[in-house]
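Engineer: Starting from the known structure of chain H, fit chains D and Z onto it as the hints suggest.
If you read the sequences in order, they're chains H, D and Z.
For the first sequence, the positions run 2 to 65 when the working numbering is used.
For the second sequence, the positions run 390 to 657 when the working numbering is used.
For the third sequence, the positions run 12 to 388 when the working numbering is used.
Be aware that a few hints might be false.
[As the list claims (entries may be wrong)] Taking CB as the label site, the calculated pair distances span:
no.	chain 1	residue 1	chain 2	residue 2	range
1	D	S395	Z	D211	18 to 28 Å
2	D	A630	Z	P246	50 to 60 Å
3	H	I46	D	K623	30 to 40 Å
4	D	D651	Z	D371	43 to 53 Å
5	H	E9	D	I618	35 to 45 Å
6	H	L42	Z	K213	31 to 41 Å
7	Z	D371	D	F633	57 to 67 Å
8	D	I406	H	P26	29 to 39 Å
[As the list claims (entries may be wrong)] Straight-line alpha carbon distances no greater than 25 Å define the calculated SDA-like cross-link-like pairs of lysine to any residue that follow:
no.	chain 1	residue 1	chain 2	residue 2
9	D	K396	Z	P208
10	H	K4	D	S391
11	H	K4	H	E31
12	D	K400	Z	P220
13	D	K402	Z	D253
14	D	K400	Z	P208
15	D	K623	D	Q548
16	D	K396	Z	P217
[Said to hold, decoys possible] Some chain Z residues flagged as far from chain D (calculated, every beta-carbon gap over 10 Å):
no.	residue
17	M136
18	R189
19	E193
20	E221
Keep in mind that the hints were calculated from the coordinates and are not lab data.
For clarity, every value in this text was computed on a predicted model and none was experimentally measured.
C-beta: ideal position from N, C-alpha, C; glycine also.
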Amino acid sequence: MAKAEKIEIYVNLCKGCEICVELCPVDALEMKDFKAAVKDLDKCIACMQCELRCPDFAIEVYKK
Amino acid sequence: MSYDYSKYLRKGKIPHIWCPGCGYGIIMKSMIRAIDSIGWEKDDVVMTSGIGCASRLPGYVDFNTLHTTHGRSLAFATGVKVANPKLNVIAMGGDGDMTAIGGNHFIHACRRNINITCFVFNNFIYGMTGGQYSPTTPKGSRATTAPFGNSDNQFDIAQLAIGAGATFVARTTTYHAVPMEKLMKQAFEHKGFSIVEIIAGCPTGYGRKNKLASPAGMIEWQKEHSVAIAQWEKMSEEEKAGKFPIGVLHDVEKPEYVEAYDANVGLS
Amino acid sequence: MAKQVKFLQGNEAVCEGALYAGCRFYAGYPITPSTEVAEILAARLPKLGGRFIQMEDELAAMAATLGGSIAGKKSLTATSGPGMSLKMENLGYGYLTEIPCVIVNVMRGGPSTGLPTGPGQSDVMQARWGTHGDHPCIALTPSTVQEQLNETVRAFNLAEKYRMPVILLTDEIIGHMREAVEMPEPGDLTVIDRKRPTCDPKDYLPYKPEADGVAPMADFGSGYRYHITGLNHLPDGFPSNDGKLAQADEIRQQKKVDDHYDEIVVVDEMMCDDAEILIFAFGSTARSAKEAVQMARAEGIKVGLFRPLTIWPFPDKHLLKYKGKVKRVIVPEMNLGQTALEVERVLKGSPEVEGIFQIDSEPINPITILNKIKGGK
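In isolation and in its complexed conformation, chain H is listed as follows (with noise of 0.2 Å):
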C-alpha cells in the first residue's frame, strides 16, 4: 500500500467545503477551524483522491 510522505493544505485556497475530509476512504483528514487539516498522516494510503477532487487547488498529497 502507497503512503503519503506529506499532505500540503494551503489554507489560503481552501473554502472549507469538506469533499476532501468526506471523500478520503481511511480518515486521514479533518476539519479544523473551517478548513481542511491533516488528522493522522500514517493512515493515508496516497489515493490522491483529496487532491484529485478538491475544487481549489488547495491539497497536494506527496507520495512517499
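Structural biologist: Only chains D and Z this time, still in chain H's reference frame:
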C-alpha cells in the same frame, strides 16, 4: 503532488470565484490535465465561454480566452474557428447558457460538425443569478423561481447533441475526475464537433433548496446515479429509472465543416 | 489610363468596397433588403482566400463576425430592420471589448417586420443608442452607389484605426439602386490595418492605449495570449468591479472618437456659402434634397444642402457654422424626426428646425422639399 497545474493557471487569479464545494474547480483541473496530455501549445488554444459560473473559467487559464455574452460561446467560437481553423477551439458554458439562451447556437454547432470541442457544465440550475430553474432542472426540484417544485420537462443534453448531429458525445461527472480527463482528451482528438456534458454539483444554488447541501454528498450522488454506458445498455428500463449513462455515448465520423467548405469552394 | 467603370447595385458596391479594404470574413443571416451583400460575398470571398458563413440567427452572425476579427480577419456583416435589433447585444460587446468590424444596416421600414421591402431612415438613433450602456459610435451614411463602395472602405479604415465596430447606415433605395461606379485601382484609396503589438508578449496589455487613445490588438493565436471579456476590465483585459476605473475607461473610449472628429466626420456642403435656407439631409433623401436645391436655385432662392457622410459622431462642428447665419433649416428624413432632434440640439433655435418626416415607404419627392422651401414657415 500528482500534477502541477501552475503552468496553465494565470498568476494571481486563484482563488476562483466559485462557491465552496462547487464542482467547476474539479472540471477545470481535469481540463488542464487533458490539454496538457494532448500537448497543444498554449498559444494555439482558444477558449470561449458565455455568461454564468461555468463561463468564468477561461479567465483563470493561460490561453487565448474569450468571455462573451450569455449563450453565445459557440457563435463566437465558430467565427474564430472559421477565420483561423489552425486554432484549437474549446467552447464552454453551463446548462442554461448552452441549452436555454444559447440553445440555437448549440444545435447548429452540432449540425455543422465544426471541429470545436464543447464542454457543457450541467449543475441543473442557474447558479450565478442565485438558483433559478434551468432546462435541466429535474421535474419537481425546487428552485428560487420554482418555489412549488419545477413543472418543466428536462433536456437530456447528450441526447440533444446526438439528435442535432454532433459526431462525438460523452457524459461524465465530477466524481469521475480521471475518466473526465480521458474523455476530454478523446473529445479533443475527435475531428468534428465534440461535446462532453459534465454533471456537477451546485451546493449553493441547487443543493440547499433540494436537501443535498453537502458538496461531498452531491459527488456521492453522481457516483451512485451514473452507470457506465456498456453496463447501461444491458439494463432494463426499470433498472435505468433515475439513473443516467456516462462514457462515450456517440462517436461517428462525418466530414468536418471547414474542411468540407474549403473543398467545396475550391479553397483547399 | 481611364478607370474601369462598372454598373453596380448599391449592395454590390458594398461588397466591392469590403473586398478592396481587405475584408476576408463574413458571417451573416439572410434579411431583406441586405441579402445581396451575403450572396455576393459567399461567391467572392473564397476566390480571395476568405471564408463566408451563414449563421443560425442574427445574434450568432454578429458574434461570429467579432470572432473572425479576433482571429485576425477584417470582418463584415450586413443586416436590416429586425436583424439590426437582434445584433445590438453583441454589438455592445464589440464596443466594450473594442473589436474592429463593419456592420451594414440597409434600413427599411419599421418597427418590427414593418415594411420589409421599402426604404426607411428610422434607425439613426438606434445606431447611436440601440445597445445598452454608453459607448462611442461611428456611423456613415452614403448617398450614391459610388459612395457605397468608398464609404465601406472608409468604414473598415475607421474600424481598424479606432479599434471598434463601425456602422454603414444605408437604405433600401441606395442598396438596390444601380449606378455607374468608377472602380478604384489598388493604391487609389487608403487602406488601414489595425495596430498589432510588437512588444514582448509578457508585457502586452490589450487595453493600454497609446497616445491616440487606441491600444494595439493582437490576433488570437499570434503568441500574445490575453483575455477578452464583456465585463468592464482593466488594461490587462481582466474584469474589475472598480466603478471609477470602469468610468475612466468608458470615457477614454468615447474620447478616442471625440478627439478625432476632424478625421472621422465628413460632410458634403453644396451651395451653402450664401445660403439663407439650409437643407440637412443624408442617405437617399439627400439625393431628393439635392434635386430640390438645384430647382430652387434655378428660381433664384438661396438654398444649400448640408449632407453628412458621417452621421455619428454628429457633425456638430460643421453645422454650428450655420447657427444664427441661415434663416431657415429644413430636415427631410424617412422617419418621424430623429436627426431633426440633433440638428435642434446643435442650432438651439437659431433658427427653428422645420421637418419633412415621411414613413410611408416611399422616397421623399424633390417637389415635396421644393414646396417646403418655397412655402415658407
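Engineer: All hints are to be evaluated individually against the structure, with a verdict given for each.
Structural biologist: Here's how the hints hold up against the structure:
Remark: the range hint 18 to 28 Å for D/S395 to Z/D211 is upheld by a beta-carbon distance near 21 Å. Taking 50 to 60 Å as the suggested C-beta distance range, the pair D/A630 and Z/P246 conforms, at roughly 55 Å. The supplied range of 30 to 40 Å is met by H/I46 and D/K623, whose beta-carbon atoms lie about 33 Å from each other. In this structure, D/D651 and Z/D371 meet the distance hint of 43 to 53 Å, their C-beta atoms being roughly 47 Å apart.
The supplied range of 35 to 45 Å is met by H/E9 and D/I618, whose beta-carbon atoms lie about 37 Å from each other. Between H/L42 and Z/K213 the beta carbon distance is about 40 Å. The supplied range of 31 to 41 Å therefore holds. For the pair Z/D371 and D/F633, the supplied restraint of 57 to 67 Å holds, since their beta-carbon distance comes to about 59 Å. Checking the proposed 29 to 39 Å range against D/I406 and H/P26 shows it holds: the Cβ atoms sit about 30 Å from each other.
A C-alpha spacing of about 24 Å is found between D/K396 and Z/P208, which places the hinted pair at or below 25 Å, so the restraint holds. A C-alpha spacing of about 13 Å is found between H/K4 and D/S391, which places the hinted pair at or below 25 Å, so the restraint holds. Annotation: proposed proximity of H/K4 to H/E31 holds, straight-line Cα distance about 18 Å (limit 25 Å). Our distance criterion of 25 Å between C-alpha atoms is met by D/K400 and Z/P220, whose separation comes to about 23 Å.
Note on D/K402 and Z/D253: the hinted pairing holds, with a Cα-Cα distance of about 17 Å set against a maximum of 25 Å. For the hint linking D/K400 to Z/P208, the alpha-carbon distance of about 22 Å falls within 25 Å, and the restraint holds. Taken as a hint, the D/K623 and D/Q548 pair is honoured in the structure, with Cα atoms around 18 Å apart against an allowance of 25 Å. With a C-alpha separation of about 21 Å, the suggested pairing of D/K396 with Z/P217 holds against the 25 Å cut-off.
With a least beta-carbon separation of about 23 Å from chain D, Z/M136 lies farther than 10 Å from that chain, consistent with its non-interface assignment. Remark: the non-interface label on Z/R189 is consistent with the geometry, its nearest Cβ contact in chain D lying 27 Å away (cut-off 10 Å). No Cβ of chain D comes within 10 Å of the Cβ of Z/E193; the nearest lies about 30 Å off, and the non-interface call holds. With a minimum CB-CB distance of about 22 Å to chain D, Z/E221 clears the 10 Å threshold, and the non-interface call stands.
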